[in-house]
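Peer 1: Chains as they are written, first to last, in our numbering: chain A, 150 to 400; chain B, 10 to 397; chain C, 1283 to 1620.
One thing to keep in mind: the hints can contain errors.
[Said to hold, decoys possible] In silico negatives: residues of chain C with every beta carbon more than 10 Å from chain B:
{"no.": "1", "residue": "Leu1339"}
{"no.": "2", "residue": "Pro1360"}
{"no.": "3", "residue": "Leu1390"}
{"no.": "4", "residue": "Ile1395"}
{"no.": "5", "residue": "Gln1424"}
{"no.": "6", "residue": "Lys1428"}
{"no.": "7", "residue": "Phe1472"}
{"no.": "8", "residue": "Ala1583"}
{"no.": "9", "residue": "Tyr1597"}
[As the list claims (entries may be wrong)] Derived CB-CB ranges, DEER-like:
{"no.": "10", "chain 1": "B", "residue 1": "Pro192", "chain 2": "A", "residue 2": "Ile288", "range": "49 to 59 Å"}
{"no.": "11", "chain 1": "B", "residue 1": "Arg17", "chain 2": "A", "residue 2": "Pro186", "range": "38 to 48 Å"}
{"no.": "12", "chain 1": "A", "residue 1": "Thr235", "chain 2": "C", "residue 2": "Asn1582", "range": "38 to 48 Å"}
{"no.": "13", "chain 1": "A", "residue 1": "Thr235", "chain 2": "C", "residue 2": "Thr1487", "range": "38 to 48 Å"}
{"no.": "14", "chain 1": "C", "residue 1": "Lys1337", "chain 2": "B", "residue 2": "Asn228", "range": "48 to 58 Å"}
{"no.": "15", "chain 1": "B", "residue 1": "Pro239", "chain 2": "A", "residue 2": "Thr275", "range": "51 to 61 Å"}
{"no.": "16", "chain 1": "C", "residue 1": "Leu1588", "chain 2": "A", "residue 2": "Leu273", "range": "48 to 58 Å"}
{"no.": "17", "chain 1": "B", "residue 1": "Ala16", "chain 2": "A", "residue 2": "Ser179", "range": "38 to 48 Å"}
{"no.": "18", "chain 1": "C", "residue 1": "Ile1508", "chain 2": "B", "residue 2": "Leu358", "range": "49 to 59 Å"}
Source of the hints: derived by calculation from the structure; they are not laboratory data. Virtual Cβ for every residue (Gly too), placed ideally from N, Cα, C.
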Amino acid sequence: MSILSVNNVNKSFAGLKALNQVNLEVEEGSVHAIIGPNGAGKSTLLNCFVGRLIPDTGTVNFLGQSLLGITPHAINQAGVARVFQTPEIFGDLTLLENVKIPTLAKRDGAFSLRAWSRIDQDSLVTDKAEHILEDVGLIEKRDILAGSLSRGDKRRLELAMCLVQDPKLLLLDEPTAGMSRADTNNTIDLLKRIGERGITKIVIEHDMHVVFSLATKVSVLAQGTVIAEGAPEDMKGDPRVQEAYLGGAHL
Amino acid sequence: MTKQPTARNDLLLMAVFTLAILTMPIWAAPFGAGYPDLLQKFAIYGLFAVGFNILFGLTGYLSFGHAAFLGVGSYTAVWSFKLLSMNVIPAVIFGMMTSGLFALLIGYVSLRRSGIYFSILTLAFAQMSYNLAYSVLTPITNGETGLQLAIGDARILDNMFASEAATAIPATNLFGIEMSGYPGFYFCAALLIIGFYIALRITRSPLGTILKAIKSNQNRMNYTGLNTRPYTLTAFVISGMYAGLAGCLLAVTDPLAGAERMQWTASGEVVLMTILGGVGTLLGPVLGAGIIKYFENIFSSYNDQVLHGIFAFLPDPIENVLVAITGLFVGDGWHLTLGALFMVIVIFLPGGVIEGFTRLYSWVRAKVKQDAGGNSVNNGKSQPQSAE
Amino acid sequence: MDSFLLQILNGLDKGGAYALIALGLTLIFGTLGVVNFAHGALFMLGAFCAVSLQKLLTLSVKVKDESITFFEAYKEVPYLEQWFGQTGTTIIEYSVPLSILFSIPIMLAIGLIMERGLIKHFYKRTHAEQILVTFGLAIVLQEIIKACFGANPIPQTPPEFLTGSANLGAWLGMGDNLVYPWWRLVYLAFAGMLISAVFAFLNYTTFGMVVRAGMQDRETVELLGINIDRRFTIVFGLAAVVTGLAGVMYTPILPPDYHIGMDFLVLSFVVVVVGGMGSLRGAVAAGFLLGILQSFASMNAVKSILPGIDQIIIYLVAVIILLVRPRGLMGRKGVMEA
Chain A
150 MSILSVNNVN
160 KSFAGLKALN
170 QVNLEVEEGS
180 VHAIIGPNGA
190 GKSTLLNCFV
200 GRLIPDTGTV
210 NFLGQSLLGI
220 TPHAINQAGV
230 ARVFQTPEIF
240 GDLTLLENVK
250 IPTLAKRDGA
260 FSLRAWSRID
270 QDSLVTDKAE
280 HILEDVGLIE
290 KRDILAGSLS
300 RGDKRRLELA
310 MCLVQDPKLL
320 LLDEPTAGMS
330 RADTNNTIDL
340 LKRIGERGIT
350 KIVIEHDMHV
360 VFSLATKVSV
370 LAQGTVIAEG
380 APEDMKGDPR
390 VQEAYLGGAH
400 L
Chain B
10 MTKQPTARND
20 LLLMAVFTLA
30 ILTMPIWAAP
40 FGAGYPDLLQ
50 KFAIYGLFAV
60 GFNILFGLTG
70 YLSFGHAAFL
80 GVGSYTAVWS
90 FKLLSMNVIP
100 AVIFGMMTSG
110 LFALLIGYVS
120 LRRSGIYFSI
130 LTLAFAQMSY
140 NLAYSVLTPI
150 TNGETGLQLA
160 IGDARILDNM
170 FASEAATAIP
180 ATNLFGIEMS
190 GYPGFYFCAA
200 LLIIGFYIAL
210 RITRSPLGTI
220 LKAIKSNQNR
230 MNYTGLNTRP
240 YTLTAFVISG
250 MYAGLAGCLL
260 AVTDPLAGAE
270 RMQWTASGEV
280 VLMTILGGVG
290 TLLGPVLGAG
300 IIKYFENIFS
310 SYNDQVLHGI
320 FAFLPDPIEN
330 VLVAITGLFV
340 GDGWHLTLGA
350 LFMVIVIFLP
360 GGVIEGFTRL
370 YSWVRAKVKQ
380 DAGGNSVNNG
390 KSQPQSAE
Chain C
1283 MDSFLLQILN
1293 GLDKGGAYAL
1303 IALGLTLIFG
1313 TLGVVNFAHG
1323 ALFMLGAFCA
1333 VSLQKLLTLS
1343 VKVKDESITF
1353 FEAYKEVPYL
1363 EQWFGQTGTT
1373 IIEYSVPLSI
1383 LFSIPIMLAI
1393 GLIMERGLIK
1403 HFYKRTHAEQ
1413 ILVTFGLAIV
1423 LQEIIKACFG
1433 ANPIPQTPPE
1443 FLTGSANLGA
1453 WLGMGDNLVY
1463 PWWRLVYLAF
1473 AGMLISAVFA
1483 FLNYTTFGMV
1493 VRAGMQDRET
1503 VELLGINIDR
1513 RFTIVFGLAA
1523 VVTGLAGVMY
1533 TPILPPDYHI
1543 GMDFLVLSFV
1553 VVVVGGMGSL
1563 RGAVAAGFLL
1573 GILQSFASMN
1583 AVKSILPGID
1593 QIIIYLVAVI
1603 ILLVRPRGLM
1613 GRKGVMEA
């Protein structure tokens, strides 16, 4: 069953066509990689999934519900979490507080006024937050300000913030961009481990090493259109894909 | 490592704070601040700053229009005295309600934008209120003269129980206790303590954490499933109500209200108090308000004669030069000191006095540690005194 | 019809002042990215350049008043008059136009010192901190002026032949009801010239082109090996001069006092926001537009329908613009569009 289905989506900016009749079906439980050269429209497509952009025409349905015109926070409440290219975390808050925020969002909804209870005495939230920090291996740093973390650790924290919400769909926008090889491998391991939770994932990625270690299905985007789709092994030798990249990536 | 304050720490903080505020008439006296008028101002502006900090300190939204809520609170309180009763309770309740409503209205519009646009929107609304208070709203605000009490005011509730008509303007009171002098201070102090406690609870609550997260990263917030706007609006309304309450108390201790209270420089003053003490800290705003009101009082009371007295021990030419220079900063020139202070704080100590204390504390602690370590490990290498 | 035209003229006049201040404000924001709350103080400093020059020229000596013979009477006679007779009087009469020359080097120096001494250190700080530190500076400057010149407005007079009113109606063949003060017409022309000069400077000189390129894309310009920092410092000085001149010329219209800057600052910020943060044309257009709107709003016919509208019209327009079109009338997309 497909969890996310994209039908005939078009989007242009000032006459420039960024997405052209994009069709995409993301199967539940799969790890779906979207690859393509720079400017292929990958990020634009992703932004259509989270409510940052609204397609000019076409539909985006998540579990049968249209996502068009729905605000980002409502989409998150529906079960879509997102990891950014550069980790977006709350730098002025401690790691524990960082994870507590999405936990609260999951439990209390988009808005709830809990102005009188102490957050540190909310054992439900604290337990859950500590548990997830343990999962990603950041529990010793729980009381450190998140802004002082290394990039790799920030990525872990951001993943923890998404995972704590038990999302149905996790969007990963170049999760290893700008990382050292060691950090990249650590992140892949982490992603593989959370793969066991059965969360559907969409990965946008440049690094083919990452794509082939994680993905169960690959869609290739070029000039705003899906030009090829299939299992990762099939994509490796596909001439259309190689042409689209023009040797720009080591396939 | 940031040490998270526990409930017990906070209880201690509350106890110390309450004690410090209630004993202020005793310990402020040696500083020349032991009289009720000034103490009332400490408490009132402390409350104003604590409320402002809930918005600016937690969410990072810099409002340049909070004086408008102060003004609305004052006007409402005076009207409550005129129409209902000289009892301060209805004045406080109505004052907070109207300022809260007003804040809801202005906040709802202004919070559609952030950053400098938010500042300018709040500024625009405050200036509109100020201009209107001076012009078409004169029937409500009494324009330039300011809203005052009169013998012939209705005072419906009071007159229901009074046997004869008043012969003089009655004083504001709390069920018979007149709200001037020390009783007035203790009334304000009690509200400050309550207000501080509420601010403390908010800061430690999930709401407070979410507000801090909004300040830290709006983008992440949007993709975390929390709708930021009602949260910021909540903070805005709460801080507007604090400002309204402070305005009420100004009217309680001195029952008149003027439009100049709403001018944008007055908004600037509360920003300064908060920054001076320490944005985002609990004690900072109270401290900042105290420091500014204290120095305002001391400095503006100095004149050239007082200065000549201070520098009298110096030879005449030096004395005159010093008096001329310092004279710029005191008396009417107090605002010059204020502006300079503003700059110095923002440039050198953006975290305010509280950050200064923290730095001093950790410096002293490091020093003590180093001294202790130096004695045992490398016999005086780091300690010149003991080497000799 | 007459009053209609009169209101337009009034609006253009006020708008000229707004436009000039907003132009300086936008130049500074566009080049340095600094939100300068001390900008109104520059306007005030310009106005007080004119006041100082007048004071300087009219430094007086006490002489015996010969016209009074009953008792010993003294009167104050300016040194200039004492020394140069009629020529001295004429120089004094022209104190406001002379202030233009007098204020240019002073304002330039003030601008350069301000940028190098303070603003420079705040490029990388948050907008809130920029607002706060320049707000502090504005208070300091205004209080210094208050300490030097007192708290009362100090009236300035234009040269005598410009004191009266021009009978515009008669010229245009529209009856005698349309009269307008000469000096206000001069101010309008002056504002127009100064604005054109700034635009010409930015558009037709190499320096100006580099600055405009730097406003668009600072990094690229720096990669070309151009020292953009020094140029931006000079731009700050220029903005100070433009704003100061606006202040000098406004003194005969509104006697300056120490808080004239603050009054204009709030309005000019609103103007900049309406025009679009960082858009020079927007600042000028919005300045004139809001000036005209304000003077129409203060017409009795309008006030009787919407009482108080004259007091709030500018803010109201700003609120609406900010909500409907946050980047302002002519702002570039994506520039501070939060």
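Peer 1: Hint by hint, say whether it matches the structure.
Peer 2: Evaluation of the provided hints:
| no. | hint | result |
| --- | --- | --- |
| 1 | Leu1339 | holds, 26 Å |
| 2 | Pro1360 | holds, 27 Å |
| 3 | Leu1390 | holds, 22 Å |
| 4 | Ile1395 | holds, 14 Å |
| 5 | Gln1424 | violated, 8 Å |
| 6 | Lys1428 | violated, 8 Å |
| 7 | Phe1472 | holds, 28 Å |
| 8 | Ala1583 | holds, 16 Å |
| 9 | Tyr1597 | violated, 4 Å |
| 10 | Pro192(B) - Ile288(A): 49 to 59 Å | holds, 54 Å |
| 11 | Arg17(B) - Pro186(A): 38 to 48 Å | violated, 59 Å |
| 12 | Thr235(A) - Asn1582(C): 38 to 48 Å | violated, 59 Å |
| 13 | Thr235(A) - Thr1487(C): 38 to 48 Å | holds, 40 Å |
| 14 | Lys1337(C) - Asn228(B): 48 to 58 Å | holds, 55 Å |
| 15 | Pro239(B) - Thr275(A): 51 to 61 Å | violated, 24 Å |
| 16 | Leu1588(C) - Leu273(A): 48 to 58 Å | holds, 55 Å |
| 17 | Ala16(B) - Ser179(A): 38 to 48 Å | holds, 46 Å |
| 18 | Ile1508(C) - Leu358(B): 49 to 59 Å | violated, 36 Å |
Checked against the numbered hints listed earlier, the structure breaks hints 5, 6, 9, 11, 12, 15, 18; every other hint is satisfied.
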